[in-house]
Amino acid sequence: MIADGHLVGDGSWELKVLVTDLSVERCLRVKGDLHIGGVMLRLVEELDIAADWSDHALWWPARNCWLSRTRSTLDQYGVQADALLHFTPMHKTLRVQLPDLRYLD
Amino acid sequence: HEGMPYCEIHYHAKRGSLCAGCHKPITGRCITAMFKKFHPEHFVCSYCLKQLKKGTFKEQGDKPYCHGCFERLFG
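Sequence order for the protein chains is A and B.
Its first residue numbered 1, the first sequence is counted upward by one per residue in this note's numbering.
Its first residue numbered 1, the second sequence is counted upward by one per residue in this note's numbering.
These are computed hints drawn from the structure, not numbers from a lab.
Predicted, not measured: the structure shown is a model, and the values here were computed from it.
Think of the CB as a built atom: it goes at the ideal place given N, C-alpha and C, for glycine as much as any other residue.
Any given hint might turn out to be false.
Stated by the list, open to error - Computed cross-link-like contacts, DMTMM-like style, restricted to lysine to aspartate or glutamate with a CA-CA straight-line distance of at most 25 Å:
| hint | chain 1 | residue 1 | chain 2 | residue 2 |
| --- | --- | --- | --- | --- |
| 1 | B | 24 | A | 48 |
| 2 | B | 58 | A | 46 |
| 3 | B | 58 | A | 33 |
| 4 | B | 58 | A | 48 |
What the hints assert, rightly or not - Partner residues aside, some chain B positions facing chain A, computed with beta carbon under 7 Å:
| hint | residue |
| --- | --- |
| 5 | 44 |
| 6 | 48 |
| 7 | 70 |
| 8 | 72 |
| 9 | 75 |
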């Protein structure tokens, strides 16, 4: 069955992912049995930007958790069509104030 | 090439010695993988862009990946 130009009833849905480095949001048509690694691959292929993505991972702000088990599926994490994920670097800068009141970045 | 004059790019294109990464001629060391030729520094993982050494990469969808990235993406 086709609705709004999409095949519906095949169990697929739109997953929204914000790429924080580029401040762009991408919609991927996925099914619940797609694993997290597959989502990351689809995203990077769609962005088509030659960059080192190895430090990037999917962050789920609503649940405050990383989707770091890349073999797990969206179903196993409980990610559904209402979720917004972030694709963001895992290592970020952090300012630490030491006991001698100096700051380190 | 076969008795005919060619410019450098087309000479290497005829000989199949253009790098599949940067599309420039390969004159020095050369890596052959996935039926293509690469400059050693342009044969890199498609995800982390780190240089791959021949024989220690995984291929998926006609693209090379290092073992770490392959495991994360396809594991």
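A quick look at each hint next to the structure:
{"no.": "1", "hint": "B:24 with A:48", "result": "holds, 21 Å"}
{"no.": "2", "hint": "B:58 with A:46", "result": "holds, 21 Å"}
{"no.": "3", "hint": "B:58 with A:33", "result": "holds, 23 Å"}
{"no.": "4", "hint": "B:58 with A:48", "result": "holds, 20 Å"}
{"no.": "5", "hint": "44", "result": "violated, 9 Å"}
{"no.": "6", "hint": "48", "result": "holds, 3 Å"}
{"no.": "7", "hint": "70", "result": "violated, 9 Å"}
{"no.": "8", "hint": "72", "result": "holds, 5 Å"}
{"no.": "9", "hint": "75", "result": "holds, 5 Å"}
The structure does not agree with the numbered hints 5, 7 stated previously, though it agrees with the rest.
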